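Visitor: Sequences and hints are given; from them, build the entire structure.
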Amino acid sequence: MTSEPTKTPTMIECHSCGAGAPLREHFCPQCTNILQLSRHGDYFSYFGLPRQLQLDPQELEKRFRDLSRQFHPDFFYNGPATLKLASLERSSYLNDAYRVLKNTAARAEYLLGLEGLSPLKAEATAASKVAVPASLLEEVFAFNEELDEIREARESGAPHGALVERLERARAPIVLKQDEHEHQVEALCAQWDADHSRATLEALRECLLERHYLTNLLATIDREAASLASA
Amino acid sequence: MAYSDKVIDHYENPRNVGSLSKEDANVGTGLVGAPECGDVMKLQVKVNPVTGVIDDAKFKTFGCGSAIASSSLATEWLKGKTVEEALAIKNTDIVEELALPPVKIHCSVLAEDAIKAAIADYKAKQEKGEPALAGAQPHA
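Top to bottom, those sequences are chains A and P.
If you read the first sequence in the working numbering, its first letter stands for residue 1, the second for the next number, and so on.
If you read the second sequence in the working numbering, its first letter stands for residue 1001, the second for the next number, and so on.
Honestly, the hints are just simulated from the structure, not real lab data.
None of the values given here were measured: they were computed from a predicted structure.
None of the hints are false.
Computed list of lysine to any residue pairs in SDA-like fashion (alpha-carbon distance at most 25 Å, straight line):
id: 1; chain 1: P; residue 1: 1022; chain 2: A; residue 2: 141
id: 2; chain 1: P; residue 1: 1116; chain 2: A; residue 2: 142
id: 3; chain 1: P; residue 1: 1116; chain 2: A; residue 2: 133
id: 4; chain 1: P; residue 1: 1123; chain 2: A; residue 2: 132
Take a look, some chain A residues computed to stay more than 10 Å from chain P by CB distance:
id: 5; residue: 67
id: 6; residue: 77
id: 7; residue: 93
id: 8; residue: 96
Cβ pair distances, simulated, as ranges:
id: 9; chain 1: A; residue 1: 203; chain 2: P; residue 2: 1128; range: 28 to 38 Å
id: 10; chain 1: P; residue 1: 1088; chain 2: A; residue 2: 54; range: 43 to 53 Å
id: 11; chain 1: P; residue 1: 1128; chain 2: A; residue 2: 172; range: 35 to 45 Å
Where is the CB? At the ideal position from N, CA and C, for every residue including glycine.
Guide: As structure tokens, this is what we get:
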């Protein structure tokens, strides 16, 4: 695992008894009270997991359930305000962390951010351009053109039955490609766990970006299918 | 965030939508994409081999309103320009003309990339020396 930068604190002060507690703890080892949520640390350490991209979903779920029970605001209902707040904050952070970590792509995107790679947001494009393979662009363009033609045919009153069939024919290769991408992402995740190399992360970032095209295309197909079904 | 009137105008009445023949030696094609938002943009120029002036420009963009407007505006500007003048078009000119907000600046970058890609494709074709254009030289 990559080492943490030295300036990041590793201890948190317990607001109940003033003792120092390691960041990975949720409850003070001295007084056993719930600790306020630290601004440091990440989703992986919160679950007591190493910063790895492959994880056992059952193990993650088990930890999620255990922690949700321990943090549950009901237990702190009559307690001091600081503990009530800590329980709320820890519960809500836990939910966010679980939502991200349980999804392969979201987990990988999150890790890219932790490792200092630019986010996958549109605004970042100008600063950090990724070269999309020309062959993929051509395919995406052709897929888009086909969908455009289907939409135009629908708008000019072509019989819907044939268009639905044509739309499903267009969907099949995209779904296939998405599956391919899924495997590629999984392979790169395994590779990162093994080598923790920057090059692997960058390949992963490109792969995740390319997925946006496929996700967009499938969303367009779903919209078109809905229009065909409703009219 | 609201689109400017100019963006809306280009979006609703895009200029020069369509395709030119990719096989034509005088046509340069640029296909670029912004994977962050799933946009793809195709921009083509048809250059007069004698004068080096862009006679025609076409585009087809699958993307947001700003991406469509940026490429539509780019084709308008390209017509009548020489290849070298076309290369001088900057994304900031597009941003200014369309009053694009900061979050949409990448759409103008995409349009500039598309212009550069189309002209690079045209020049590459010329250098290959298409027989039909044996007399035409790339314009420096």
